[in-house]
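Student: Respectively, the protein sequence lines represent chains A and B. For the first sequence, my numbering assigns the number 1 to the initial residue and increments by one for each residue that follows. For the second sequence, my numbering assigns the number 1 to the initial residue and increments by one for each residue that follows.
Think of the hints as simulated: they come from the structure by calculation, not from any bench. Among the clues, some could well be false.
Copies of the same chain look alike in the list, so a pair counts if it works inside one copy or between any two.
Said to hold, decoys possible - No farther apart than 20 Å at their CA atoms in a straight line, the calculated lysine to aspartate or glutamate pairs in the DMTMM-like style are these: (1) K32 x D175; (2) K135 x D197; (3) K200 x D128.
2 protein chains.
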Amino acid sequence: MTLSDAMLDAARQTESTLDDILTPEAATNHHKLILAMRYSVMLPGKRIRPYLVIEFCRLHGGDPQKAVRYAAAIEMLHTMSLIHDDLPAMDNDALRRGKPSNHVVFGEATAILAGDALLCEAFKAAADNTFCSPKQNISAVNALAEFGGADGMMGGQQIDLQSEKMSVPLPVLDDLVSKKTASLLSCSCLLGCIAADASKAEKNRAVDFGQKIGKVFQITDDILDLRGDQKLLGKSIGKDAKNGKSTYVSLLGEEKAKKLACELTEQAKEALLVYADSDSGKRLLELCDLLLSRDR
Amino acid sequence: MTLSDAMLDAARQTESTLDDILTPEAATNHHKLILAMRYSVMLPGKRIRPYLVIEFCRLHGGDPQKAVRYAAAIEMLHTMSLIHDDLPAMDNDALRRGKPSNHVVFGEATAILAGDALLCEAFKAAADNTFCSPKQNISAVNALAEFGGADGMMGGQQIDLQSEKMSVPLPVLDDLVSKKTASLLSCSCLLGCIAADASKAEKNRAVDFGQKIGKVFQITDDILDLRGDQKLLGKSIGKDAKNGKSTYVSLLGEEKAKKLACELTEQAKEALLVYADSDSGKRLLELCDLLLSRDR
Numbered sequence: 001m002t003l004s005d006a007m008l009d010a011a012r013q014t015e016s017t018l019d020d021i022l023t024p025e026a027a028t029n030h031h032k033l034i035l036a037m038r039y040s041v042m043l044p045g046k047r048i049r050p051y052l053v054i055e056f057c058r059l060h061g062g063d064p065q066k067a068v069r070y071a072a073a074i075e076m077l078h079t080m081s082l083i084h085d086d087l088p089a090m091d092n093d094a095l096r097r098g099k100p101s102n103h104v105v106f107g108e109a110t111a112i113l114a115g116d117a118l119l120c121e122a123f124k125a126a127a128d129n130t131f132c133s134p135k136q137n138i139s140a141v142n143a144l145a146e147f148g149g150a151d152g153m154m155g156g157q158q159i160d161l162q163s164e165k166m167s168v169p170l171p172v173l174d175d176l177v178s179k180k181t182a183s184l185l186s187c188s189c190l191l192g193c194i195a196a197d198a199s200k201a202e203k204n205r206a207v208d209f210g211q212k213i214g215k216v217f218q219i220t221d222d223i224l225d226l227r228g229d230q231k232l233l234g235k236s237i238g239k240d241a242k243n244g245k246s247t248y249v250s251l252l253g254e255e256k257a258k259k260l261a262c263e264l265t266e267q268a269k270e271a272l273l274v275y276a277d278s279d280s281g282k283r284l285l286e287l288c289d290l291l292l293s294r295d296r
Numbered sequence: 001m002t003l004s005d006a007m008l009d010a011a012r013q014t015e016s017t018l019d020d021i022l023t024p025e026a027a028t029n030h031h032k033l034i035l036a037m038r039y040s041v042m043l044p045g046k047r048i049r050p051y052l053v054i055e056f057c058r059l060h061g062g063d064p065q066k067a068v069r070y071a072a073a074i075e076m077l078h079t080m081s082l083i084h085d086d087l088p089a090m091d092n093d094a095l096r097r098g099k100p101s102n103h104v105v106f107g108e109a110t111a112i113l114a115g116d117a118l119l120c121e122a123f124k125a126a127a128d129n130t131f132c133s134p135k136q137n138i139s140a141v142n143a144l145a146e147f148g149g150a151d152g153m154m155g156g157q158q159i160d161l162q163s164e165k166m167s168v169p170l171p172v173l174d175d176l177v178s179k180k181t182a183s184l185l186s187c188s189c190l191l192g193c194i195a196a197d198a199s200k201a202e203k204n205r206a207v208d209f210g211q212k213i214g215k216v217f218q219i220t221d222d223i224l225d226l227r228g229d230q231k232l233l234g235k236s237i238g239k240d241a242k243n244g245k246s247t248y249v250s251l252l253g254e255e256k257a258k259k260l261a262c263e264l265t266e267q268a269k270e271a272l273l274v275y276a277d278s279d280s281g282k283r284l285l286e287l288c289d290l291l292l293s294r295d296r
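Just chain A, with the same shape it has in the complex (with noise of 0.2 Å):
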């Protein structure tokens, strides 16, 4: 299977369990409130968390089918993000995913609304998860709660927050980027080894894997925030330096902003080596280059 085949596939599937999860019934009173869950989630994504979750698990020996419903979690937790992300209160955008923001379409309070129900669904998809054992599904849910939670891609945002409109030094753009884009990149690849019951070596190993390519993820969209093509991209770009806000474009300048993303890559690739044999590891080696050289 390529690349592209298999993150197709994961994509496929998550979005297949996402669809049963968010099914509308119109003679409910809040109807609304799925749809709204519903149009988000439904957006179409690169899906590159769910495409970690269940490669990392095929990794490990896993069944792929183990990780489906922690991949639709970890999308449904992201997308959640996303929406409150995009509010009035925070970064105020009206373009997500190429489509109106979910407060753009459904007002505030349901875009509020909406996140936090998606952020319960995401628990529940995990914690539901038949294919794994209790033990291991409360393993998936601590894992959620700690990446995605105030020490992880919470904590990310609000240190954002308060970053906007000044410059704030390296190590605080390094904690920043680390908690709010690599935080739920390592969460994925952790799910995958839950759902694999991986050893905590291999834990640990998928855990900074996701820390690097995080890093590298996030250098891209800076460089696409400056130089990337707002139709290709599905969202607004020049924002960064509309608000004056610290990059590692701003910081190190482009090419050593380049320069680190390369070196991060390598430091990625190498950590997969010893799966080097294997498809899964191929396909993983080959994203590592896709995510530095991505224009969308």
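Mind docking chain B on chain A? Use the hints.
Tutor: This is chain B only, laid out in the frame that chain A set:
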């Protein structure tokens, strides 16, 4: 133990656990987020939900210690709903539990994140309950997600939003209250049953009891919004009439609403008669009367 002592004891144990969970570390970059989470959770409240969790555990022969983390979980879920409910885009309320609302103190963006992060911590507190089995903890996570999420409390908040500035028929108000107010009370009783490994029938009875007292709670709230003492209540009053909101009082009239609350209280107490010989049962019977006659 008197009802009042049992409630104080449950509050003390829950607050001590919440204190442990939400420890601010000044050296972290996302320090402010933890402070915001802590601020709302630690405001003095009635802590009825934690009390119900712990008392329903005791009622079914469980060691109360097994229920404390579930009690902390439901209090965090409840608190996050208050933080988001008070936001300008939702109820726009500047006063909560007698103090400035979260967004008034910390700003809207941090208040949104604090609610999100409390929701993560709620699930983590349930998942991490070492006094119960992984299977029990999975049931607790599922209960929090089902009674808290789109088909529970959050769905009720959505119906509430849609019902503003218009008159809704009684069945819609019943659905709204059942979801928005009663859901978390049912969930509290159920969590106590889960901690005590109670039977399916006992769990169903507990959920039903929560629904009954939840509606009583809401009718009393509606009457207090009309005639209550803002200082005793610690929140703004007269909001329902000002917003032209449908309540049991506006739809049925004050006398009929009071009568309904009395009938529901009797039904709730009847459901507890099987436990009337135990100290736990007696305290819960007393609680029913207290919820009917409360002035705060």
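Student: Any of the earlier hints contradicted here, and which numbers?
Tutor: none
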